[in-house]
Amino acid sequence: MASLRYAIHAYAAQSDPPDEILTKLSGLLQITTSGQFATVLCTVLDVGAREVTVASAGHLPPLLLVDGHGDYLQAEVGPPIGVARGVVYTPLTVPVPSHATLLAFTDGLVERRGESIDRGLARLRDAALGANGNLPDLLSRLVGELRHGHSDDDTAIVGLRWTM
Amino acid sequence: MDDVGPADDPPMEFDLGSEADGTAVVTVRGDLDIASTDRLHEAVAPVIRQRPPRLVVDVESLRFADSSAIALWVRWAAAVDNLELRGASPLLRRLITSMGLEHHLRLAA
Chain Z
1 MASLRYAIHA YAAQSDPPDE ILTKLSGLLQ ITTSGQFATV LCTVLDVGAR
51 EVTVASAGHL PPLLLVDGHG DYLQAEVGPP IGVARGVVYT PLTVPVPSHA
101 TLLAFTDGLV ERRGESIDRG LARLRDAALG ANGNLPDLLS RLVGELRHGH
151 SDDDTAIVGL RWTM
Chain X
1001 MDDVGPADDP PMEFDLGSEA DGTAVVTVRG DLDIASTDRL HEAVAPVIRQ
1051 RPPRLVVDVE SLRFADSSAI ALWVRWAAAV DNLELRGASP LLRRLITSMG
1101 LEHHLRLAA
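So the sequence lines, in the order shown, correspond to chains Z and X. Mapped onto this note's numbering, the consecutive letters of the first sequence carry residue numbers 1 to 164. Mapped onto this note's numbering, the consecutive letters of the second sequence carry residue numbers 1001 to 1109.
Everything labelled a hint here was simulated from the structure, so no lab data went into it. None of the values given here were measured: they were computed from a predicted structure. Ideal Cβ placement from N, Cα and C applies to all residues, glycine included. Be careful, since some hints might not be right.
As the list claims (entries may be wrong) - Distance windows between CB atoms, simulated:
1) Thr32/Z / Arg1054/X: 13 to 23 Å
2) Ser15/Z / Gly1087/X: 44 to 54 Å
3) Leu135/Z / Asp1021/X: 55 to 65 Å
4) Ala122/Z / Glu1042/X: 11 to 21 Å
5) Asp46/Z / His1041/X: 21 to 31 Å
6) Met164/Z / Glu1102/X: 37 to 47 Å
7) Arg1086/X / Asn134/Z: 26 to 36 Å
8) Thr1023/X / Arg50/Z: 28 to 38 Å
9) Thr33/Z / His1103/X: 16 to 26 Å
10) Ala1035/X / Lys24/Z: 28 to 38 Å
11) Gly27/Z / Arg1106/X: 22 to 32 Å
12) Ser34/Z / Glu1084/X: 17 to 27 Å
Use the sequences and the hints to build the structure in full.
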């Protein structure tokens, strides 16, 4: 999967939009030969325009926290990378208000056995809205609370906060 | 402690069968996850190599499947012309939809 990360960096460096990055990635991995696929959430921040654009290859949506409200950025979810070549993904662009926080994460943070993924997403939103403090503290607290006793999958979480 | 795992964590079990029209049927029970997908794939790979006209994966008695299970089914679906996932629970259907795979795994009642 490291090769996909390097490819994302290369495509992003040439300013490809997130949906096109995913389409290009879809030609780099084939489940028929590798035996695996990769879910990818690709997000581009336009700092000047205060916009974020997301595209999803089978990945859970990022959570945008603004003024005590939490909304998942539900871009249309296309198949994970590796399932088919040349897939067309649909991007979603939303404005980012002042002091917003964006959280992207892997399924290990919200998935529990015998429970719908929607309950896990609701639990994350509640936990994020109930937490104060700086961003590193928020991330540590979310991982500590949500992963407690449910640590059978890898977990990654990325947080971005707009300070103005 | 002589438990080898949580008491509510049944092992994955499976049966291989076929129907009169040549359809191959894989019935999976228990929990199918990263710990058990290799074992299942090793057993099913010879069936797939025989190119059955249809492969039915019966998951009605499956208690839990994670993304590695879904990756396995997608891999099979790419290798046979016709794969059908039979008896998927609402939780499993939701997981498949959340991964954008509802058009790649054919779901049957």
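Here is what the structure says about each hint:
Evaluation of the 13 to 23 Å hint for threonine 32/Z and arginine 1054/X yields a pass: the beta carbon distance comes to about 19 Å. In this structure the hint that serine 15/Z and glycine 1087/X lie 44 to 54 Å apart at CB holds, the actual value being about 46 Å. About 58 Å separates the C-beta atoms of leucine 135/Z and aspartate 1021/X, a value consistent with the hinted range of 55 to 65 Å. Look at alanine 122/Z against glutamate 1042/X: about 38 Å separates their beta carbons, and that is not inside 11 to 21 Å.
As the Cβ distance of aspartate 46/Z to histidine 1041/X is approximately 43 Å, the hint placing it in 21 to 31 Å is violated. Range check, methionine 164/Z to glutamate 1102/X: about 41 Å between beta-carbon atoms, so the 37 to 47 Å window is met. At roughly 50 Å, the beta-carbon separation of arginine 1086/X and asparagine 134/Z lies outside the given 26 to 36 Å, and the hint is violated. Separated by about 55 Å at the C-beta atoms, threonine 1023/X and arginine 50/Z break the suggested range of 28 to 38 Å.
At roughly 22 Å, the beta carbons of threonine 33/Z and histidine 1103/X sit within the given window of 16 to 26 Å. Taking the beta carbon of each, alanine 1035/X and lysine 24/Z are about 33 Å apart, inside 28 to 38 Å as hinted. Taken as a hint, the range 22 to 32 Å holds for the pair glycine 27/Z and arginine 1106/X, whose Cβ atoms sit roughly 24 Å apart. Between serine 34/Z and glutamate 1084/X, the C-beta spacing of about 24 Å keeps the proposed range 17 to 27 Å intact.
The earlier numbered hints that this structure contradicts are 4, 5, 7 and 8.
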